[in-house]
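Protein chains in written order, with numbering that gives the first Met the number 0: chain A, 0 to 363; chain B, 0 to 587.
FYI, nobody ran anything at the bench for these hints, they're computed from the structure. We put the CB at the ideal spot given by N, CA and C, even for glycine. One or more of the hints may lead you astray.
DMTMM-like, lysine to aspartate or glutamate: derived pairs with alpha carbons at most 25 angstroms apart [unchecked claim]: (1) B:Lys453 x A:Asp23; (2) B:Lys393 x B:Glu520; (3) A:Lys274 x A:Asp57; (4) A:Lys47 x B:Asp376; (5) A:Lys186 x A:Asp109; (6) A:Lys274 x A:Asp193.
Heads up, incomplete: computed chain B residues facing chain A, CB under 7 angstroms, no partners named [stated by the list, open to error]: (7) Leu256; (8) Ile543; (9) Arg544; (10) Pro545.
Which chain A residues stay away from chain B? Per the calculated CB distances, all over 12 angstroms, these [unchecked claim]: (11) Gln54; (12) Pro118; (13) Leu120; (14) Ala127; (15) Val151; (16) Lys287; (17) Val316.
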Amino acid sequence: MADVAAGRALIPRLRTLSRFTFVDVILWCLRIGVSAVVVGGTIGTLIKGRYEAAQWFDLVMFGLTLGSVYALIALGYTMVYGVLRLINFAHGDIMMTGAFSGYFIASALDYSGFLNDSPFLGMGAVLAVAMTTSTSLALLTERFAYRPFRNVRGLAPLICAIGVSFFLEQTFRGFFGPSIRSYPDPKWQAAAIDVFGLNVPRVDIIVISLAIVAMLILYLIVQKTRMGTAMRAVSEDTDAAAMMGIDVNKVVVFTFALGGAMAGIAGVFYAFVFKQVYFFMGFQPGVKAFGAAVLGGIGSIPGAMLGGFFLGLVESVGPALFLDGIGIPAPYQLRDLIAFTLLIMVLIFRPHGILGERMAKKRA
Amino acid sequence: MTAQSITRGVRRKRTQSPLHRAIITGVSFGVMAVYLAMVGLLPMIHARAVIVDVLTMAHAALLAIGLGAGAYVARGERDKPAATIVLHGLIAGAISGGLLAVLVVAMNTIDLRSIFISLSPQTSDMLTLELDLEYAVPLLVAAAAVLGALGVLLARSPPTVRKPVLIGCSAVLFFGVFQELIQIMMQFNEAIGDVREFLYTWEGLTPEGAGAIFAIATGASVLSTRRRAGAGGSSWWQSRNGQLVKAGIAVVVLVLLPILAGSYIGQVLMLVGLYILMGMGLNLEVGLAGLLDLGFVAFFAVGAYTTALLTADSVHALATFTAIPHMSFWAAMPIAVLISVIVGVLFGIPVLGVRGDYLAVATLGLGEIVRVIVQSDAAAPLLAGAQGILQIPKPRIGDIELADPVALFFLTLVCAAVAAYFAWRLESSRLGRAWMAIRDDEDVAQALGINLVKVKLLAYGLGAAFAGLSGSIFAVMLTSVYPSSFQLLVSINVLALIIVGGMGSLPGVIVGSLALVGLPELLREFGENRYLFYGVALIVMMRIRPEGLWPSATRRRELHDFAGDLELEEPPPAVAGVAASVEHRPGE
Numbered sequence: 000m001a002d003v004a005a006g007r008a009l010i011p012r013l014r015t016l017s018r019f020t021f022v023d024v025i026l027w028c029l030r031i032g033v034s035a036v037v038v039g040g041t042i043g044t045l046i047k048g049r050y051e052a053a054q055w056f057d058l059v060m061f062g063l064t065l066g067s068v069y070a071l072i073a074l075g076y077t078m079v080y081g082v083l084r085l086i087n088f089a090h091g092d093i094m095m096t097g098a099f100s101g102y103f104i105a106s107a108l109d110y111s112g113f114l115n116d117s118p119f120l121g122m123g124a125v126l127a128v129a130m131t132t133s134t135s136l137a138l139l140t141e142r143f144a145y146r147p148f149r150n151v152r153g154l155a156p157l158i159c160a161i162g163v164s165f166f167l168e169q170t171f172r173g174f175f176g177p178s179i180r181s182y183p184d185p186k187w188q189a190a191a192i193d194v195f196g197l198n199v200p201r202v203d204i205i206v207i208s209l210a211i212v213a214m215l216i217l218y219l220i221v222q223k224t225r226m227g228t229a230m231r232a233v234s235e236d237t238d239a240a241a242m243m244g245i246d247v248n249k250v251v252v253f254t255f256a257l258g259g260a261m262a263g264i265a266g267v268f269y270a271f272v273f274k275q276v277y278f279f280m281g282f283q284p285g286v287k288a289f290g291a292a293v294l295g296g297i298g299s300i301p302g303a304m305l306g307g308f309f310l311g312l313v314e315s316v317g318p319a320l321f322l323d324g325i326g327i328p329a330p331y332q333l334r335d336l337i338a339f340t341l342l343i344m345v346l347i348f349r350p351h352g353i354l355g356e357r358m359a360k361k362r363a
Numbered sequence: 000m001t002a003q004s005i006t007r008g009v010r011r012k013r014t015q016s017p018l019h020r021a022i023i024t025g026v027s028f029g030v031m032a033v034y035l036a037m038v039g040l041l042p043m044i045h046a047r048a049v050i051v052d053v054l055t056m057a058h059a060a061l062l063a064i065g066l067g068a069g070a071y072v073a074r075g076e077r078d079k080p081a082a083t084i085v086l087h088g089l090i091a092g093a094i095s096g097g098l099l100a101v102l103v104v105a106m107n108t109i110d111l112r113s114i115f116i117s118l119s120p121q122t123s124d125m126l127t128l129e130l131d132l133e134y135a136v137p138l139l140v141a142a143a144a145v146l147g148a149l150g151v152l153l154a155r156s157p158p159t160v161r162k163p164v165l166i167g168c169s170a171v172l173f174f175g176v177f178q179e180l181i182q183i184m185m186q187f188n189e190a191i192g193d194v195r196e197f198l199y200t201w202e203g204l205t206p207e208g209a210g211a212i213f214a215i216a217t218g219a220s221v222l223s224t225r226r227r228a229g230a231g232g233s234s235w236w237q238s239r240n241g242q243l244v245k246a247g248i249a250v251v252v253l254v255l256l257p258i259l260a261g262s263y264i265g266q267v268l269m270l271v272g273l274y275i276l277m278g279m280g281l282n283l284e285v286g287l288a289g290l291l292d293l294g295f296v297a298f299f300a301v302g303a304y305t306t307a308l309l310t311a312d313s314v315h316a317l318a319t320f321t322a323i324p325h326m327s328f329w330a331a332m333p334i335a336v337l338i339s340v341i342v343g344v345l346f347g348i349p350v351l352g353v354r355g356d357y358l359a360v361a362t363l364g365l366g367e368i369v370r371v372i373v374q375s376d377a378a379a380p381l382l383a384g385a386q387g388i389l390q391i392p393k394p395r396i397g398d399i400e401l402a403d404p405v406a407l408f409f410l411t412l413v414c415a416a417v418a419a420y421f422a423w424r425l426e427s428s429r430l431g432r433a434w435m436a437i438r439d440d441e442d443v444a445q446a447l448g449i450n451l452v453k454v455k456l457l458a459y460g461l462g463a464a465f466a467g468l469s470g471s472i473f474a475v476m477l478t479s480v481y482p483s484s485f486q487l488l489v490s491i492n493v494l495a496l497i498i499v500g501g502m503g504s505l506p507g508v509i510v511g512s513l514a515l516v517g518l519p520e521l522l523r524e525f526g527e528n529r530y531l532f533y534g535v536a537l538i539v540m541m542r543i544r545p546e547g548l549w550p551s552a553t554r555r556r557e558l559h560d561f562a563g564d565l566e567l568e569e570p571p572p573a574v575a576g577v578a579a580s581v582e583h584r585p586g587e
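Please construct the entire structure, taking both the sequences and the accompanying hints into account.
The following block contains the structure:
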């Protein structure tokens with residue numbers, strides 16, 4: 000068996016050498032081009048020396064903050080994909096629902112002054128409401144939109160998920176209006192604290208630390224509890240898990256609930272960072288976080304966390320590091336370009352990601 | 000959630016009693032009504048009257064929901080005595096009305112408007128018919144209950160009664176809702192003008208007019224049913240000649256309609272035409288080759304920008320800083336199509352090895368990259384950034400400038416016809432069959448000797464050609480291009496229309512564009528809310544009718560088994576008890 004496998008691996012490799020088609024040429028050009036931009040840009044920027052250490056530090060901190068939000072969202076993608084092999088396209092919008100409900104509580108508390116007086120309770124309330132909303136919406140979408148497609152293969156589940164994404168966005172637009180609302184910014188959040196002589200906005204510290212706490216809790220739930228074990232079993236092999244007496248339905252619901260809760264937290268943090276909520280806010284972070292989940296290896300929980308942080312860092316540092324060096328004007332407008340390029344490069348060249356291996360082959 | 004998905008979930012549980020089921024039906028329909036009010040749809044369509052001073056579209060929708068609740072109850076209980084079902088219909092209706100009443104009371108006691116922008120006093124007036132609360136609440140419940148019962152009766156009545164009544168109602172709805180359009184078309188002739196004055200006032204349908212239309216439509220329906228029953232078998236219309244005549248009539252209507260109805264309808268039809276073009280392109284990729292492409296808008300953008308750069312009278316035109324001369328639209332269009340094809344192939348090469356769901360996300364990312372680049376300052380010297388390229392001349396034939404929307408519509412129509420011919424020929428060609436083979440199973444297709452690389456790249460390239468053509472016309476229609484016209488929304492829009500119409504089906508593309516682009520454009524107040532329908536349409540179509548409204552013959556055959564599986568989810572009543580007892584495991 001092993002010999003055959005090795006032989007199989009060897010023969011295509013020889014063949015690729017002899018049949019190096021124009022497609023391969025172009026793919027190699029793509030790899031080399033992107034690497035050249037990255038390396039050349041980095042060297043160029045470092046030689047120019049336009050940025051000081053403090054600025055780099057700011058960018059890295061912002062990247063980690065953004066990354067922790069991406070990581071929280073990516074967890075939802077990766078868990079659902081692991082259990083159902085479904086790209087929950089609406090997951091970004093689940094995050095948006097969390098941000099929106101958090102916004103309403105936060106602005107009410109801000110108006111009454113409670114948010115300023117007792118930050119911990121206030122933030123706790125905002126997070127609790129956001130998590131409740133997004134968890135319940137995640138469960139509703141699972142029940143009414145995804146469950147009927149549990150055993151349907153092909154494009155139908157994904158198309159349905161796109162529909163759900165649109166439905167959620169437009170529902171929130173209809174309910175709460177199309178305007179961009181600014182998220183309250185209490186004093187304790189805006190203040191900066193001093194870390195080794197560098198100013199760090201307090202909101203960054205809050206977001207990063209709380210996100211890490213949330214991820215740790217999630218990791219413990221998945222690793223230590225009965226339900227978490229069942230979840231891992233189902234994502235390993237659904238049929239076998241069902242035969243062992245695991246209620247797959249319950250596991251799926253549990254997975255969506257966990258993902259929804261994480262998305263709710265992510266939504267509030269996203270609003271903390273960007274200070275605004277609107278109905279379309281979930282889409283782009285959603286797609287990017289999916290990229291992060293794939294980058295980390297879809298189905299792998301530590302992978303999603305890693306991928307999220309990595310994506311956040313690249314997106315934040317990238318424009319200054321890669322693009323400024325090769326003389327592109329206004330590189331910050333191209334932040335999304337870097338994130339999406341990373342997404343596509345991962346999907347094309349490493350669909351199994353850093354930590355995942357078996358998932359990609361099964362469906363992709 | 001959509002009522003369909005809720006109630007479908009409900010239907011599968013066979014153990015519940017009919018009363019329980021009626022209650023759940025009532026709740027679902029009530030939630031649907033409350034949702035429509037809260038999301039702003041009811042207040043929005045309240046502005047459009049079906050019958051002047053009698054019935055607005057919002058009230059018509061509420062009536063339909065009440066009737067629907069009753070009809071749904073009746074559908075599930077065919078074998079029960081009529082009185083029981085009517086009672087259940089009453090209950091379901093009353094519950095749905097009760098939920099609306101709760102909303103009304105809540106609106107009048109708490110200030111919900113600061114959160115839900117649609118719950119304005121006007122919405123409240125619409126729901127209460129401007130009555131005081133103590134009258135409005137019982138009225139709502141009672142009216143809904145009566146509607147529920149009526150719905151049951153309607154559903155239980157024999158088809159000879161039900162069908163004419165429904166057709167009559169639809170006719171009134173049609174003539175009422177599209178009154179502006181029909182009135183404009185009726186102004187051409189004196190004799191028709193008199194009919195118009197009987198049917199319409201300036202605001203809409205008169206009650207007498209509505210009555211007349213209802214009577215005529217009902218009568219016609221009764222007569223035609225009788226005659227068909229007498230003739231029996233398949234009619235001439237179903238034959239091949241009949242279908243050709245039908246297609247001919249459709250073409251004649253398409254040509255005459257904008258001439259008769261003026262430039263507004265021309266504009267709408269033109270937009271429909273552009274989406275048909277794009278739909279046919281995406282149909283090659285998704286419908287035939289099974290490559291779900293969410294970055295399709297990129298090709299549309301390439302077509303539009305190429306035309307703009309080649310023809311515009313502005314500093315951004317290529318002619319101002321290269322040796323390429325200013326071109327007319329006719330010269331630029333083929334180049335735009337060609338460049339779209341090249342971009343399509345280039346777009347396809349990196350994602351050749353990506354399959355299924357990943358492909359959708361990868362193409363989405365590619366589309367977003369194109370948009371980000373076009374919008375950025377980095378590419379602004381060439382593509383004008385967010386300001387866009389202005390002053391694109393309209394196409395000319397000799398000395399005639401095609402400036403009028405109707406003239407441009409004819410241009411679109413001709414292009415769409417030519418493109419449709421190509422698409423139709425492609426479908427049954429060797430290439431088309433190869434596409435279908437890779438859609439069904441890529442590995443098997445490859446094993447059978449299909450060159451995946453070639454076939455996939457052709458799908459991207461040819462699909463892009465259609466979008467490029469569409470973009471090229473779009474550029475001259477607006478006489479300017481802005482990056483904001485090329486959002487992801489366009490891709491989703493095109494995807495939604497081919498799914499609603501039927502994947503892999505050419506007539507489906509046309510039906511889908513008319514339904515998803517034309518209809519919301521005619522009901523102007525829909526505005527942005529149309530995207531809500533796209534979302535719902537995607538979910539509901541995938542759930543209920545995955546083959547689309549007008550499926551292709553192959554697709555219908557393929558999905559027949561799938562539809563059979565769906566039916567099996569509802570076991571017949573005799574088996575249901577057994578199945579339920581098997582499913583009911585201890586500990587649940």
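Original post:
Which hints from the list above does the structure break, by number from lowest to highest?
Top reply: 7, 8, 9, 15 and 16
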